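Please construct the entire structure, taking both the sequences and the accompanying hints into account.
Okay, here's what each chain looks like letter by letter:
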Amino acid sequence: MDTPLKRTPLYDAHVKAGARMVPFGGWEMPVQYTGIIEEHRTVRRAVGLFDVSHMGEFEIAGPDALAVLQHLTSNDVAALQEGQIQYSILCYPNGTIVDDLTVYRLAPDRFMLTVNAGNIDKDWAWVNQSTEHGTKARWRNISAATGLIAVQGPKAEPLVGRLADRDLTKIGYYRFARGAVTGVPTMISRTGYTGEDGFELYVAAADTARLWAALLDAGRADGVAPIGLGARDTLRLEMKYALYGNDIDETTNALEAGLGWVVKPAKGEFIGRDALEKIRAEGVRRKLVGLEMVDKAVARHGYAVHTAGRPVGVVTSGSYGPSVDKYIAMAYVETALAAIGTALDVEIRGQAKAARVVRTPFYASRVKKTG
Amino acid sequence: MANVPTDLKYTREHEWAKQEGARVRVGITAYAQEQLGDVVFVELPKVGAKVAAHKPFGVVESVKAVSDLFAPVSGDVVEANAELPNKPETVNQDPYGRGWMIVIAPSSKGEWDQLLTAAQYEEFLTQGGQ
Numbered sequence: 001m002d003t004p005l006k007r008t009p010l011y012d013a014h015v016k017a018g019a020r021m022v023p024f025g026g027w028e029m030p031v032q033y034t035g036i037i038e039e040h041r042t043v044r045r046a047v048g049l050f051d052v053s054h055m056g057e058f059e060i061a062g063p064d065a066l067a068v069l070q071h072l073t074s075n076d077v078a079a080l081q082e083g084q085i086q087y088s089i090l091c092y093p094n095g096t097i098v099d100d101l102t103v104y105r106l107a108p109d110r111f112m113l114t115v116n117a118g119n120i121d122k123d124w125a126w127v128n129q130s131t132e133h134g135t136k137a138r139w140r141n142i143s144a145a146t147g148l149i150a151v152q153g154p155k156a157e158p159l160v161g162r163l164a165d166r167d168l169t170k171i172g173y174y175r176f177a178r179g180a181v182t183g184v185p186t187m188i189s190r191t192g193y194t195g196e197d198g199f200e201l202y203v204a205a206a207d208t209a210r211l212w213a214a215l216l217d218a219g220r221a222d223g224v225a226p227i228g229l230g231a232r233d234t235l236r237l238e239m240k241y242a243l244y245g246n247d248i249d250e251t252t253n254a255l256e257a258g259l260g261w262v263v264k265p266a267k268g269e270f271i272g273r274d275a276l277e278k279i280r281a282e283g284v285r286r287k288l289v290g291l292e293m294v295d296k297a298v299a300r301h302g303y304a305v306h307t308a309g310r311p312v313g314v315v316t317s318g319s320y321g322p323s324v325d326k327y328i329a330m331a332y333v334e335t336a337l338a339a340i341g342t343a344l345d346v347e348i349r350g351q352a353k354a355a356r357v358v359r360t361p362f363y364a365s366r367v368k369k370t371g
Numbered sequence: 001m002a003n004v005p006t007d008l009k010y011t012r013e014h015e016w017a018k019q020e021g022a023r024v025r026v027g028i029t030a031y032a033q034e035q036l037g038d039v040v041f042v043e044l045p046k047v048g049a050k051v052a053a054h055k056p057f058g059v060v061e062s063v064k065a066v067s068d069l070f071a072p073v074s075g076d077v078v079e080a081n082a083e084l085p086n087k088p089e090t091v092n093q094d095p096y097g098r099g100w101m102i103v104i105a106p107s108s109k110g111e112w113d114q115l116l117t118a119a120q121y122e123e124f125l126t127q128g129g130q
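Respectively, the protein sequence lines represent chains A and B. Going letter by letter, the first sequence gives residues 1 to 371 in the working numbering. Going letter by letter, the second sequence gives residues 1 to 130 in the working numbering.
Just to be clear, a hint being listed does not mean it is correct.
Derived pair list, reagent style SDA-like, types lysine to any residue, alpha-carbon separation capped at 20 Å [claimed, not checked]:
no. : chain 1 : residue 1 : chain 2 : residue 2
1   : B       : K87       : A       : K267
2   : B       : K64       : A       : L255
3   : A       : K136      : A       : A107
4   : A       : K368      : B       : A65
5   : A       : K368      : A       : F24
6   : A       : K326      : B       : E89
7   : A       : K267      : A       : E277
8   : A       : K326      : A       : K369
9   : A       : K326      : B       : V66
10  : A       : K287      : A       : S323
11  : B       : K46       : A       : R349
12  : A       : K296      : B       : K18
13  : A       : K369      : A       : Y87
14  : A       : K368      : A       : A107
15  : A       : K326      : B       : K87
16  : A       : K16       : B       : K18
17  : B       : K64       : A       : D325
18  : B       : K18       : B       : A82
19  : A       : K326      : B       : K46
20  : A       : K296      : B       : A65
21  : B       : K64       : A       : P154
22  : B       : K64       : A       : P185
23  : A       : K353      : B       : V66
24  : A       : K368      : A       : K136
25  : B       : K87       : A       : S323
26  : B       : K64       : A       : G83
Residues from chain B that keep clear of chain A, each with C-beta distances beyond 12 Å, as calculated [as the list claims (entries may be wrong)]:
no. : residue
27  : N3
28  : Q35
29  : F41
30  : S62
31  : S74
32  : E123
Since the hints were made in silico from the structure, they are not lab data. From a predicted model like this one, the values you see are computed outputs, not experimental measurements. Even glycine gets a Cβ: it sits at the ideal position worked out from N, Cα and C.
And the structure:
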């Protein structure tokens, strides 16, 4: 599969800024500009801009749109009001995960889904094949036409607020509003993937570069900087946010991944419901836990987890956590070994390195839950 | 172009080697640390360990990558930089100075002559460094 890498509307801006570009999920994306740790700290301390235009957006509209989404996703879409956002999952019939996503209620019979960049084609095929013929709802893939900039950090609200045509304090966590930012028509969404307060700004692809430049310019006094995928990964790891392809995929189910809070069987039928109900009744065999390394070593995706020489799990993500100043990881381990404080070993280059199960998030979230 | 001091020798795996009397001090090049990005972990052999030319002697890890360290020459480890496990970022800050990794007492003389000169290493980098 030697298809050429896709580029976002900000590709030229990244190259000009000296970013190191790498392949990611079929896209050519900035992994870092100045350095992953420095960028990570900029987001925790001030404010950072992320180009997440590679993510996919689908719209569904029509009288049956709600029913289609109730069938496709695990969360209860009926509970979603206009202007609200919901984290959710697309499941296979056996309860494993097609993708994780956010669902936006744009109007009573119109919704937007934001999906992972590497899954756009797979998800597009899945939602279409899972929508019955003759259904009064139409899907539209608006991924290519849509740019997306995440503005994250304690100074995100004042920065975006200076350029926005409305009072952002009125937009609560997991809510959105339509407005203009530096004159660019924008869907302003108080969401993110860092554990910091902030926004994700949906704009037309053609307007993305103008908004990016305006945010960099207006945020100079705030210490704003562009942030690459490297820091995006360490920031989300410190929050124990799952990354599709690392921590969740078509072999893991939502319950063992700790995403049971978005599985709502009481709402009625959805793809994967029966399987997940059965798993819930029987109890999960393994759980996704947070590990902190006791021995100095970096646990990485795919490394085996042992106890007393017996394999009991696998690391799904791991790195140095700059804000906790520790080597941290996420791992699936047998349910009996998932309790906080459990001592485990991670096999690193043939050696058992001590680790223990710890409370997560590793770093306290600062998202604005009220509002 | 990355900094390549002329008084050092080099490997194709991006280590530098410096002759200090009968001993050889070893580290990774400025190019190597730039490519790695922020170094967050360094694992070095203990003093007294034996290393073999062009074989891994340790590991350096950045946020994104795990990379083996290769010995430029065979011999006994007579010093290991005790500062690095606690301050791995030193490798980024001063790769040719405080970021050194180990000192080897070489067991064979011929291996030194086979290392790349600064000019050869620079040429290797201009060809992509792989």
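Which of the stated hints cannot be reconciled with the structure, identified by number in ascending sequence?
-> The structure conflicts with hints 1, 2, 4, 5, 8, 10, 12, 14, 16, 19, 21, 22, 24, 26, 28, 29, 30, although it agrees with all the remaining ones.
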